[in-house]
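Engineer: With these hints in hand, go ahead and build the complete structure from the sequences.
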Amino acid sequence: MTTGSTDPTVLRLAQVSGRDGMGARGRPRGRLDRVTVQLPRGMHGFVGAPEDGTAALCELAAGLRKPRSGVLTVRGRQPWRDAVLRRSIASLLPAPALPLGTRVEALARRLEARVPFADLGLGAVATRPVARLSFEESRAVELALALYHPAPLLLVLFEPEVAIGPLDRGAVRHRLGALVEAGATVVIASADATSLRDFCPHVHLLERGRLAGGGAAFPSWPRATANDLAVWLAPARYPAFAAALEGVVIRSWRADQGRMVVGADGGEGDLGAVARAVAAAAVRSGVMIRALRAEGVDVPGLSAAVHRERRAAAPPAGPTVGRTSSVGADHGS
Amino acid sequence: MGRSGEIRRGAEVAWAGVGRRRVVAIVLIGMAAALAIAMAEHASAPLSAPRRTLAAVWGAILPLTGLALVGTIVPRRLEERLWGLARFGASRRRLAWGAVAVAMLLTALASVSFTAAALPVAYGGQPGLLPDLGATLVVAMVGGASYAALLCLGTTIGSRGGGRYVVLGADWWLGAGTGTLATLWPRRHLTTLAGGPPPVADLSEPVASAVVLAGLGLAAAWFAGRRLPP
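One line per chain: the protein sequences are A and B, in this order.
Heads up, the first sequence is in this note's numbering, so the first residue is 922 and it goes up one at a time.
Heads up, the second sequence is in this note's numbering, so the first residue is 81 and it goes up one at a time.
What the hints contain is simulated information worked out from the structure, not anything from laboratory work.
A portion of the hints provided could be inaccurate.
As the list claims (entries may be wrong) - Distance ranges between label pairs, derived from CB positions:
no., chain 1, residue 1, chain 2, residue 2, range
1, A, Leu1213, B, Ala140, 39 to 49 Å
2, A, Ala1099, B, Gly249, 52 to 62 Å
3, A, Pro1122, B, Gly85, 37 to 47 Å
If you're wondering where the values come from, they're calculated on a predicted model, not measured in any experiment.
The C-beta atom is built at its ideal place from N, Cα and C for all residues, glycine as well.
Structural biologist: Shown next, in the form of structure tokens:
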């Protein structure tokens, strides 16, 4: 880890534009558009879909791609062109990229990463050749190598809780917290706003490539709806299903999508109880449920909340859409 | 990992990523095409068949085979192919030189096998095969390696490595003529070495063309690495 510098900034983006390679056949899917942000030591989250530039941010910060314009530095050096710097950047990018022609354990040994594969549930994977790993296994191994990097300066993680095979999410969060306490900087990009908010003290919202809000001036989080359940059913069966629901309330109904959101009566409640009430209603009414999903704070909901708060707090001269964000030292971990 | 170690690792990773079945299929298709050309040429004009067979094999089959083989090693941009090692601190340049070396070796071997298969068929029992074979195989090897290096250089151009098609098009277009510009392309030198006119009067000696061809390949390989960041 680099120490001794008076500048607390670890990752700095100055008017950075760039694209990812997440689309089909390496085509770009998302992009960053003149983003300026300075991140000191600590854990930082970027909420947004890949189309909003989260994947591009990770690929640029890890050094896979060169910014199309602007300057991205890690401790003053550019990861794109500094091989030595990349040794201290651990990354989990959208596309797994482990060196072929080796076995997982041998790779970890070569990288001096003391990964407790068995404890992480990766014991069976550890002895296999890298070339024979599935997508999820590759991501799990990449994440494990990142988490047990011998001296990480920066960890850049794209969706670290998605498609990671047998890795335990709780253990991942615990290890990330330990790394931050040890002095590392963690940058997490995810479309799952709720989970990111749970363990990232600094969260930024990326929206269509631009930084829409975040850091010190981040607005209050939208009301948690984690105990609500979205239910999809045939629109014509709505009256029968609604009549059969007991102990829960219908928060919204979109007839064009056949989507209903139900939650516990009174606002707070157990998601399991809501699910049981939905199942009971389905049995009573004979309505077939097409899909179920636990409701969280999604990116559009978060974006709407950010813009709502910004409008409310805007000075009379009119708001400026912020593309610049800085997490000050007083907010650092 | 030292410098030579990084080059070796680049070669190992490139080799590990090669689809063996695909490579065998590419080589078999190329060889079948080379044999078909040799038989057709021998049937139509036996005396000039060896020269025209070599011109066709080196002018059409070799570049396309090179394109396919480089495609198996570097599907998109060269630096993306090497990211698996570069992300852990290895120099992309040195890794690239190792990967390019594998592409050169594979394409050179394919080229030699095409030539070794097609030339005896084109001769069809006429005298002169054995004296011709040695030098021809050396040229085939150098030509294959040069094409692979040039195509690898092309994979560093364009957001998805599409520069390889530009390079191949330029080789077909500019290498078909004569003049100073033509000396920059393998096609011109291989045509000369197959019995065609030299690109410029100073390269009338076949050895000179062969040396320039080898130089082109080495320069392209070097530039393919140098175009990448560390």
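Engineer: With reference to the structure, classify each hint as holding or not holding.
Structural biologist: Outcome of the hint check:
1. Between leucine 1213 (chain A) and alanine 140 (chain B) the C-beta distance comes to about 59 Å, which lies outside the given range of 39 to 49 Å.
2. For alanine 1099 (chain A) and glycine 249 (chain B), the hinted distance range of 52 to 62 Å is satisfied, since their beta carbons lie about 55 Å from each other.
3. For the pair proline 1122 (chain A) and glycine 85 (chain B), the beta carbons lie near 41 Å from each other, so the given range of 37 to 47 Å is met.
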